[in-house]
Amino acid sequence: MGSSLRYQRQRHHALLRPETRGTFEETIQHFVATGELRNHNLIHTKKMERERVTGYLLFSVATVVIGSLQFGYNTGVINAPEQKLQAFFNKTWMERYREPISAGVCTMIWSLSVAIFSVGGMVGSFNVGIMADKFGRRKSMLLVNVLALIGAALMGFSALCYSFEMVIAGRLVIGLFCGLCTGLTPMYIGEVSPTSLRGAFGTLHQLGVVVGILVAQIFGLEVLLGSATLWPLLLALTAIPAVIQCIMLPFCPESPRYLLINLNQEEEALRALVRLRGTEDVSADMQEMKEESIKMATEKKVTIPELFRTPAYRQPILIAIMLQLSQQLSGINAVFYYSTGIFESAGVTKPIYATIGAGVVNTIFTVVSLFLVERAGRRTLHLLGLAGMAVSAVLMTVALQLKGLPFMSYLSIVAVFAFVALFEMGPGPIPWFIVAELFSQGPRPAAMAVAGCSNWTANFLVGVSFPKLVEWCGPYVFIIFTIFLVLFFIFTFFRVPETKGRTFDDIARGFSGQASTSAQAPPTGEVVTLPASPTKEKVPPGDVKEEDKSNESSSIA
763 MGSSLRYQRQ
773 RHHALLRPET
783 RGTFEETIQH
793 FVATGELRNH
803 NLIHTKKMER
813 ERVTGYLLFS
823 VATVVIGSLQ
833 FGYNTGVINA
843 PEQKLQAFFN
853 KTWMERYREP
863 ISAGVCTMIW
873 SLSVAIFSVG
883 GMVGSFNVGI
893 MADKFGRRKS
903 MLLVNVLALI
913 GAALMGFSAL
923 CYSFEMVIAG
933 RLVIGLFCGL
943 CTGLTPMYIG
953 EVSPTSLRGA
963 FGTLHQLGVV
973 VGILVAQIFG
983 LEVLLGSATL
993 WPLLLALTAI
1003 PAVIQCIMLP
1013 FCPESPRYLL
1023 INLNQEEEAL
1033 RALVRLRGTE
1043 DVSADMQEMK
1053 EESIKMATEK
1063 KVTIPELFRT
1073 PAYRQPILIA
1083 IMLQLSQQLS
1093 GINAVFYYST
1103 GIFESAGVTK
1113 PIYATIGAGV
1123 VNTIFTVVSL
1133 FLVERAGRRT
1143 LHLLGLAGMA
1153 VSAVLMTVAL
1163 QLKGLPFMSY
1173 LSIVAVFAFV
1183 ALFEMGPGPI
1193 PWFIVAELFS
1203 QGPRPAAMAV
1213 AGCSNWTANF
1223 LVGVSFPKLV
1233 EWCGPYVFII
1243 FTIFLVLFFI
1253 FTFFRVPETK
1263 GRTFDDIARG
1273 FSGQASTSAQ
1283 APPTGEVVTL
1293 PASPTKEKVP
1303 PGDVKEEDKS
1313 NESSSIA
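Okay, so the sequence shown: first residue is 763 according to the working numbering, each after it adds one.
Calculated from the structure, these hints are not laboratory results. Positions of the beta carbon are idealized from the N, C-alpha and C atoms, including for glycine. Incorrect hints may appear among the rest.
[Unchecked claim] When the alpha-carbon atoms are kept at most 30 Å apart in a straight line, the in silico DSBU-like pairs for lysine-lysine are as follows:
(1) K1057 to K1262
(2) K1230 to K853
(3) K853 to K1052
(4) K901 to K1112
(5) K1165 to K1112
(6) K1230 to K1165
(7) K1057 to K901
(8) K846 to K1230
(9) K1057 to K896
(10) K1230 to K1112
(11) K853 to K1057
(12) K896 to K1052
(13) K901 to K1063
(14) K1063 to K1052
(15) K896 to K1063
(16) K1063 to K1262
(17) K1112 to K846
[Stated by the list, open to error] Restraint ranges, calculated between C-beta atoms of paired labels, are given here:
(18) L1080 to R1037: 21 to 29 Å
(19) K1057 to V1226: 39 to 47 Å
(20) A865 to I892: 52 to 60 Å
(21) F1169 to P1067: 52 to 60 Å
(22) M856 to T1065: 48 to 56 Å
(23) P1067 to A865: 43 to 51 Å
(24) F1256 to I1066: 19 to 27 Å
(25) Y1115 to F1256: 18 to 26 Å
(26) F821 to V1226: 36 to 44 Å
(27) M1010 to P862: 19 to 27 Å
(28) S1227 to E984: 28 to 36 Å
Construct the complete structure from the given sequences, taking the supplied hints into account.
This is the structure we're talking about:
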């Protein structure tokens, strides 16, 4: 109640005094002299209402980000108990065949246990569009948690059943679950967030991923759950966030865009928007969605093959794929999968704690990117991250090549930490949510499926090939990733547009050369444009008059 009264007072005062941030004194004098002061304040007030972060919006986004945490946790959890799992494979083999497992077979089972996760992710991500359109965003996220519970049960009871096949099957099912999550979560966040905050909220998906990785690294310590007896519990722990999300999701709204554009349920969409925005005035959002709905009504449903055949979609889908590849082929997963070995090779005495330190840096700089993405822009941060990672990869190569020198262990730590930090400034969070921004409602699910599958495929290839690359290239292995980083930098510089502050429809029209300079330009002759306004918004005069009258009557009351 108190916060509501404070907000009403702030709104009332905003109507009585000018917003002077970013304006010159002459502009303020012009507003006062021409009587446009109240119009300007009204624009600023309406913008504040549309961009307000409500508790319900935060609750909804935090709930779906649990799926991102699941992805991060299951990516990192398998690394810590490697030796314990291989001992379990040998013990199971002995129980069955009365002889020790050969080194080659043990390595094959271990590699399969790790890689099968990415195979499941590929299959899951490719089916995101089907689920999102058939069941909706919220219900799909609720349903896929069944996979998390099945996977957790398979891995958790594998030791009791003396079955390493259950570990492999559990990793496959969990991969399927995570593949669906990595498409559904950014899609939902992008569709419920205000346009001006879409980048910051989109970064929360990556924050969930890195927090999940960090939690897995900490719980994987031998003093906690990484022991020979508790590793099944470590793998099965993924069931807890699944249960929590199942409890919370029914209290979240379905995506308003899905309700209006896909199901034509205008009242339900309006109700969801009002709760998410915390204001009754959601006319701008509703108008944008209605225009997109009208546009979609003239188009047939977009399939994955049509994304590549249709000229209007060909460039954005290429950008989406390249951005996802820039994330995985940057070498970040190679650093996390084998960070302990990298620190050991460089002479670090306690590499496990240096690895956890990298996870902490990972989390901190993801939080930093939350505050930068709407200021610096997506494209700028992505370019900065790619360039910085290329330099860090060269430093890692130097540290590994000259590891005999006493200070090289410190250089390796600095290089890895810098590599991770710069990854989270751009290539980490941006590819996930920018895909949702590049497409309108119709092709978005299919595009998310293609982008997610590209990401998981590259993830799989890096995980499988990196050990062999280390054998062949030795300390020069990160030069390969440096070359990729430079190529992706060039592509981003010349082909990737800036999407900050633009509506979905405006971005989509940009690929046809029809993008407007403003977010939504109303028809000529129906608007009044304020001179030198810092927001550069246009308001129909009828709306201004009605609002003025309502405010005057409320002031008298």
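Verification of the hints:
Restraint check for K1057 and K1262: the C-alpha separation of about 23 Å stays at or below 30 Å, so the hint holds. Restraint check for K1230 and K853: the C-alpha separation of about 27 Å stays at or below 30 Å, so the hint holds. Taken as a hint, the K853 and K1052 pair is broken in the structure, with Cα atoms around 62 Å apart against an allowance of 30 Å. Among the hinted pairs, K901 with K1112 is inconsistent with the structure: their alpha-carbon atoms are about 45 Å apart, more than 30 Å.
Among the hinted pairs, K1165 with K1112 is consistent with the structure: their alpha-carbon atoms are about 16 Å apart, no more than 30 Å. At most 30 Å may separate the alpha-carbon atoms for a hinted pair to count; K1230 and K1165 meet this at roughly 21 Å. Restraint check for K1057 and K901: the C-alpha separation of about 26 Å stays at or below 30 Å, so the hint holds. Note on K846 and K1230: the hinted pairing holds, with a Cα-Cα distance of about 23 Å set against a maximum of 30 Å.
With a CA separation close to 21 Å, the supplied pair K1057 and K896 stays within the 30 Å bound. At roughly 25 Å between alpha-carbon atoms, K1230 and K1112 fall within 30 Å of each other, so this suggested pair holds. Distance restraint check for K853 and K1057: the Cα-Cα separation of roughly 62 Å exceeds the 30 Å cut-off, and the hinted pair is therefore not satisfied. For the hint linking K896 to K1052, the alpha-carbon distance of about 21 Å falls within 30 Å, and the restraint holds.
For a cut-off of 30 Å, the pair hint linking K901 to K1063 stands: about 21 Å separates their Cα positions. Taking the CA atoms of K1063 and K1052, the gap is about 17 Å. The hint holds against a cut of 30 Å. Restraint check for K896 and K1063: the C-alpha separation of about 13 Å stays at or below 30 Å, so the hint holds. Between K1063 and K1262 the CA atoms are separated by roughly 27 Å; this keeps the pair inside 30 Å, and the hint holds.
With a C-alpha separation of about 19 Å, the suggested pairing of K1112 with K846 holds against the 30 Å cut-off. Judged by the Cβ atoms, the range 21 to 29 Å given for L1080 and R1037 is violated: they are separated by roughly 37 Å. Between K1057 and V1226 the CB atoms are about 43 Å apart, so this pair conforms to the stated range of 39 to 47 Å. Restraint check, A865 to I892: a C-beta distance of roughly 42 Å breaks the suggested window 52 to 60 Å.
Distance hint for F1169 and P1067: a CB-CB separation of about 55 Å, consistent with the stated range 52 to 60 Å. Separation of M856 from T1065 is about 51 Å and conforms to the stated range, judged on CB atoms against 48 to 56 Å. Distance hint for P1067 and A865: a CB-CB separation of about 45 Å, consistent with the stated range 43 to 51 Å. In this structure the hint that F1256 and I1066 lie 19 to 27 Å apart at CB holds, the actual value being about 26 Å.
Checking the proposed 18 to 26 Å range against Y1115 and F1256 shows it is violated: the Cβ atoms sit about 42 Å from each other. Take F821 and V1226: their Cβ atoms lie about 40 Å apart, and the range 36 to 44 Å holds. Between M1010 and P862 the beta carbon distance is about 47 Å. The supplied range of 19 to 27 Å is therefore violated. Here the CB-CB span from S1227 to E984 is close to 29 Å, well matched to the stated 28 to 36 Å.
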